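Mapping to our numbering: the sequence shown position 13 is 436, numbers consecutive.
Keep in mind the hints are simulated off the structure, nothing from the lab.
Careful: at least some of the hints might be erroneous.
Straight-line distance between alpha carbons at most 30 Å, and here's what the computed BS3-like set of lysine-lysine pairs gives [unchecked claim]:
1. K519 / K469
2. K469 / K499
3. K499 / K519
4. K481 / K499
5. K519 / K481
6. K469 / K479
7. K499 / K479
8. K481 / K469
9. K479 / K519
Distance ranges between label pairs, derived from CB positions [to be verified]:
10. D484 / Y537: 13 to 21 Å
11. T462 / G507: 28 to 36 Å
12. S463 / E509: 27 to 35 Å
13. V501 / V451: 14 to 22 Å
14. A452 / G507: 27 to 35 Å
15. E536 / C487: 27 to 35 Å
16. G483 / E538: 32 to 40 Å
17. Y537 / Q461: 27 to 35 Å
18. L528 / Y467: 16 to 24 Å
19. D506 / N472: 28 to 36 Å
20. S526 / N472: 28 to 36 Å
21. Y537 / D482: 15 to 23 Å
22. T445 / D510: 14 to 22 Å
Remember, predicted model here, so these are calculated numbers, not experimental data.
Glycine included, each C-beta is placed from N, C-alpha and C at the ideal position.
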Amino acid sequence: MKKLMLCPILSILFFNAYSQDTTCTYFVANEVYEFNYQTSEIIYEKTHNSGLYSIKVKDGDVLCLDFSDSIACTRKVVTTYSDGEEDIVHLNANGKVYYSQDSILRVQVGRPEYE
């Protein structure tokens, strides 16, 4: 009977230990909002005036970048991977949503660049 009880308890612990979180960072003009993807609870709010806004991605987590600029523009995005490589791209920021891949350590997002 003890073995039968141990199996469900271990499986609950296993699922909780390896659960994946999704955090979302919402960019609109110069405002940045970080919030929990499931609950929509705002975690952090900041005005982005200069440089690159840096977001650390925890191992196993998914990052959602939500660009909601009302005017057609792009944003410079620098992605740092766990093997040390960096990828620099300019993404469309007019109502677009992007999700991170595995092995991403950090994402840096620039201010809007208007066309």
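Status of the hints after comparison with the structure:
1. K519 / K469: 20 Å, holds
2. K469 / K499: 18 Å, holds
3. K499 / K519: 14 Å, holds
4. K481 / K499: Given that 30 Å is the threshold and the Cα spacing comes to 22 Å, the pair holds.
5. K519 / K481: 23 Å, holds
6. K469 / K479: 16 Å, holds
7. K499 / K479: 16 Å, holds
8. K481 / K469: Satisfied, since the Cα-Cα distance of roughly 21 Å is no more than 30 Å.
9. K479 / K519: The hint holds at about 21 Å.
10. D484 / Y537: 13 to 21 Å: 31 Å, violated
11. T462 / G507: 28 to 36 Å: 34 Å, holds
12. S463 / E509: 27 to 35 Å: Holds: the Cβ-Cβ distance is about 31 Å, inside 27 to 35 Å.
13. V501 / V451: 14 to 22 Å: Given range 14 to 22 Å: holds, Cβ gap about 20 Å.
14. A452 / G507: 27 to 35 Å: Check passed, 33 Å falls within 27 to 35 Å.
15. E536 / C487: 27 to 35 Å: 21 Å, violated
16. G483 / E538: 32 to 40 Å: This hint holds: roughly 36 Å between Cβ atoms.
17. Y537 / Q461: 27 to 35 Å: 33 Å, holds
18. L528 / Y467: 16 to 24 Å: 19 Å, holds
19. D506 / N472: 28 to 36 Å: 32 Å, holds
20. S526 / N472: 28 to 36 Å: 31 Å, holds
21. Y537 / D482: 15 to 23 Å: Given range 15 to 23 Å: violated, Cβ gap about 36 Å.
22. T445 / D510: 14 to 22 Å: Check passed, 21 Å falls within 14 to 22 Å.
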